[in-house]
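Asks: Residues per chain, in single letters:
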Amino acid sequence: MATTEDRVVDASEVAAEVSRGNLLTEEMVLNVGPQHPATHGVFRLLATLDGEVLVKADPVIGYMHRGYEKLVEARDYRQITNLVSRMDWLSGINNELPLALALETLMEIEVPPRAQYMRVAMCEMNRILNHLMFFASFGAELGAITPTFYAFREREDIQMAMEMTTGGRMHFGFFRPGGLKEDAPKGFYQQALKGVRQVIERLPDYENLLIGNEIFKQRTVNVGILPRDVAYSYGVSGPIARGSDISFDVRKDEPYSGYDLFDFDVQSAPNGDCFDRFWVLLHEVVESAKIVEQAIEGMPDGPIMGKVPRVVQAPKGEVYVRTENPLGELGMYLVSDGDRRPYRLKIRTPSYSNVSALPYVLKNTYVSDMIAILGSFFFVLGDIDR
Amino acid sequence: MPEIILTTWQILLVKVAVILVVVPMGALVGGYAEHKVMAHLQHRLGPMYPGGFHGWATTLADGIKFLFKEDIIPAAADRKVFSLAPAAIMVPIIMVYLVIPMDRTLVVEDLDVGIFYLLAISSVSTIGILMAGWSSANKYALIGALRSAAQLIAYELPIVLSAAAVAMLAGTLSLNGIVEAQNFPFVLWPPGIGLALFLVFTTGAVAEMTRVPFDMPVAESEIITGPFTEYTGMRYIFSHMFAEMGHMVAFGGIGTTLFLGGYRPIIPWEPLELIPGVVWFAAKTMLMIFLFLWIRPTFPRVREDQLQKFAWKFLIPVSLALILFTGAWVLYV
Amino acid sequence: MALLADDALRRVDTAVGNRLMEQRVNFGQVDITVSPENLVEVVTALRDLQFLSCKFFTFLTGIDRSELTDEPGGLEVLIHLYSVEHVFHVNVRVAVDPENPVCPSIVSIFRGAEWQERECHEMFGVEFEGNSNLSNLFLPEDFEGHPLLRSFKLPSRFVKAWPGAKDPEEASAGGR
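Residue numbers (my numbering), protein chains in the order written: chain P, 1 to 386; chain R, 387 to 719; chain S, 720 to 895.
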């Protein structure tokens, strides 16, 4: 049995300690991951345990580092779109948006309204897909295996809508600087509305299954509290931050791609524990569904591509563009040298900053709480490691 | 037909042979039922192909598959204890079946101390789980084994206390006697107390079998399979699958015997006596098993310390109070 | 409500103008350059002063400007902060000597800087004084070199040039 120190303890020593009223204990270092069912990918956590209590938690990342920021320096802007959607693979199309926006800002291209509405519709549908996926996995980690199947059933219709338009179910490659690759096919609107309305209809049932459950509440209320200032200091954003009494949302604060034309609320919860983060996640699904409905019902006609030169070449300059990825604030800092390839592209991913707050939140929690907290932090490894 | 006269020892051997066939069969059927019930509760179909019709041979196919798996023992593991642990878990469960009466005379041995024997023997498998976890040389297995030991000890008490209350109501410790004393099943009469006792027993049973919501020791998403993480092939089947399914069917049978009236019909109405006792027993046991299976996909997992609090601060005081009420009932009613 | 970038620049100027080497507005965001000595003071002021209140730590990274076609520069550490209350962004640049890249650490001001400085250290080689844990974050322990520096060439690109067509015209004319 491996232990932290190779100290051989004599039986008489143990007896002496016990007779004095002390229990001789040792801390154990438990390696959670990189292969573990609860860690959403190759994430390793070096947990120092004292019985069932986590004294210290040290995340080790980088098992999936693919060197995106170096790879994009050798690629055309057209090639980067597909590369970038493989970061946060659960919200495929949201990853492509900041890149397109950054190029449009530097090249001063105007995106036609139809393209903007389509972009909003697809991004929000992807948000629903992402949130339903985390709904499924959070339940499964806590032992409730049923919500997984219900959530995946709901995702199917929306994914069919995405597939009929873009050809992909997970990685889309659909946004181009200036607009979209092609227009929506026949039947897209009906399919998208059907999927989205089904989600709205069935969501209260799923809510009751988990949120109304006494055991679930015991496992998540007051567990893993992230205070507001700590969240700011680490740069935590997205539904995780909004569960800590923060109500910022890039779509409301600095609207992009026509988000200011839509009517939706920013959900936020006061306590900052696992329950609140999960609650925010579920309620954001309803908001996204509302946006999709508004976008599709109000879709203007017109071109789907702005005036883009043949060769996509950004003029010299630097810009930072940020969007609201389902998991938080996704930003791209693009330094362009006037070439067809970026000079330097810094990708600011939400999960990276969110996960850096884990050592703080995981201090002095139980092993089972660690699982609940890891589940409630909604991270995707591709996003952390890039 | 020439008369076959067998000595008592030969009869005993035949009965034990029957049990050794019945237990795996029960485990197989229980496993298949679990797949199907869970699937339908989750809006899907479950296994459909093995065996042709709705996948009836799933668990059989699983068993055969496991026969072919490589038997791996970790290098740092304690070989003797590691190999003995599945036996230490499985044997007490099989021994429990020896006293469960499936009909008036269909019981291996009608012990006078039936209940006592049953509860004592079933708690021996705790040691088996501890052996499995400790000898695996794996920290996850260790955590699972320690959680398991704490949980099984804590939840023995509600089962024992509610069984004691039933013994008081029946006036005997023998299982046959308890069934005979149930003109109306104990869950219905004494009203209220019987139902409460049944609920306490069921909760304790679910925890004894380390099933959701009390499956912390085997919490799949946290510590993979807890004490059985390092077990492969047939050892895994014996220590985990067989044990859990066998346990479930056994507790179903015990619950039926103690509370639902065993092999007797639900109400003492003449025409119902025509249906053989085995059928009644089977139907009631299947109902109990369905209850256990229903609970699994519905609830998340209770955390270890909350689990312990629930046992020591709620279930045990409640069962003690119920014993008081049962005693009062027996004396004055 | 969102602050106009010029207003934000004025506020920043009032607060720490004398410590800045450069200040401008770039695509709607405040862009300031400081020297390493003044970094901690400026960032603390940006965070703590009420009318600035840049409490949100967005990212910290490096930019190697050595291969820019006009005005090639040296190594630069870029810190991006955001004010949640007043809704404006500040890009803080610190010019770092490429021969001896040293920069003070802002871990004591923003906790999130710990991991981001580790990444900057392993990717660019910048030593952050004050951050005690500068081990590799993404790369394996035995990795040699600092990948995001322009002098570190991607082996596959170095050995074999991109075989496909570089222009849409070439592709339609038969290039792969």
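Worth flagging that the hints you see were computed from the coordinates, not collected in a lab.
Quick reminder that beta carbons are idealized off the backbone N, C-alpha and C, glycines included.
Be aware that a few hints might be false.
[Stated by the list, open to error] Only pairs whose alpha carbons sit at most 35 Å apart, straight line, appear in this in silico DSBU-like list of lysine-lysine: (1) R/K699 / P/K363; (2) R/K699 / R/K525; (3) P/K217 / R/K401; (4) R/K451 / R/K401; (5) P/K290 / P/K316; (6) P/K56 / R/K695; (7) S/K872 / P/K186; (8) P/K181 / P/K56; (9) S/K774 / P/K181; (10) P/K217 / R/K699; (11) R/K525 / R/K455; (12) R/K695 / P/K194; (13) P/K290 / S/K872; (14) R/K401 / R/K525; (15) P/K363 / P/K186; (16) R/K695 / P/K217; (17) P/K217 / R/K455; (18) S/K774 / P/K217; (19) S/K872 / P/K56; (20) P/K290 / S/K774; (21) P/K56 / R/K422; (22) R/K525 / P/K56; (23) P/K307 / P/K363; (24) S/K872 / P/K363.
[Unchecked claim] Per label pair, the in silico range of CB-to-CB distance: (25) P/G212 / R/L658: 51 to 57 Å; (26) P/E207 / R/Q692: 43 to 49 Å; (27) P/D253 / R/Q692: 48 to 54 Å.
Asks: Taking the hints in turn, state whether each one holds.
Replies: Here's how the hints hold up against the structure:
1. R/K699 / P/K363: holds (28 Å)
2. R/K699 / R/K525: holds (29 Å)
3. P/K217 / R/K401: At roughly 49 Å apart (the allowed maximum being 35 Å), R/K401 and P/K217 break the hint.
4. R/K451 / R/K401: Satisfied, since the Cα-Cα distance of roughly 29 Å is no more than 35 Å.
5. P/K290 / P/K316: Roughly 39 Å separates the two Cα atoms, so the pair is violated.
6. P/K56 / R/K695: Holds, at about 25 Å.
7. S/K872 / P/K186: violated (47 Å)
8. P/K181 / P/K56: violated (48 Å)
9. S/K774 / P/K181: Violated: S/K774 and P/K181 sit about 39 Å apart, past 35 Å.
10. P/K217 / R/K699: holds (19 Å)
11. R/K525 / R/K455: holds (24 Å)
12. R/K695 / P/K194: violated (46 Å)
13. P/K290 / S/K872: violated (48 Å)
14. R/K401 / R/K525: The hint is violated at about 42 Å.
15. P/K363 / P/K186: violated (53 Å)
16. R/K695 / P/K217: Roughly 16 Å separates the two Cα atoms, so the pair holds.
17. P/K217 / R/K455: violated (41 Å)
18. S/K774 / P/K217: Roughly 32 Å separates the two Cα atoms, so the pair holds.
19. S/K872 / P/K56: Given pair S/K872, P/K56 is violated - Cα atoms ~39 Å apart, limit 35 Å.
20. P/K290 / S/K774: Given pair P/K290, S/K774 holds - Cα atoms ~32 Å apart, limit 35 Å.
21. P/K56 / R/K422: Violated - the C-alpha atoms of R/K422 and P/K56 are around 42 Å apart, more than 35 Å.
22. R/K525 / P/K56: holds (17 Å)
23. P/K307 / P/K363: violated (53 Å)
24. S/K872 / P/K363: violated (41 Å)
25. P/G212 / R/L658: 51 to 57 Å: violated (40 Å)
26. P/E207 / R/Q692: 43 to 49 Å: With Cβ atoms ~22 Å apart, the hint is violated.
27. P/D253 / R/Q692: 48 to 54 Å: violated (40 Å)
Consistency with the previously given hints fails for numbers 3, 5, 7, 8, 9, 12, 13, 14, 15, 17, 19, 21, 23, 24, 25, 26 and 27, ordered from lowest to highest.
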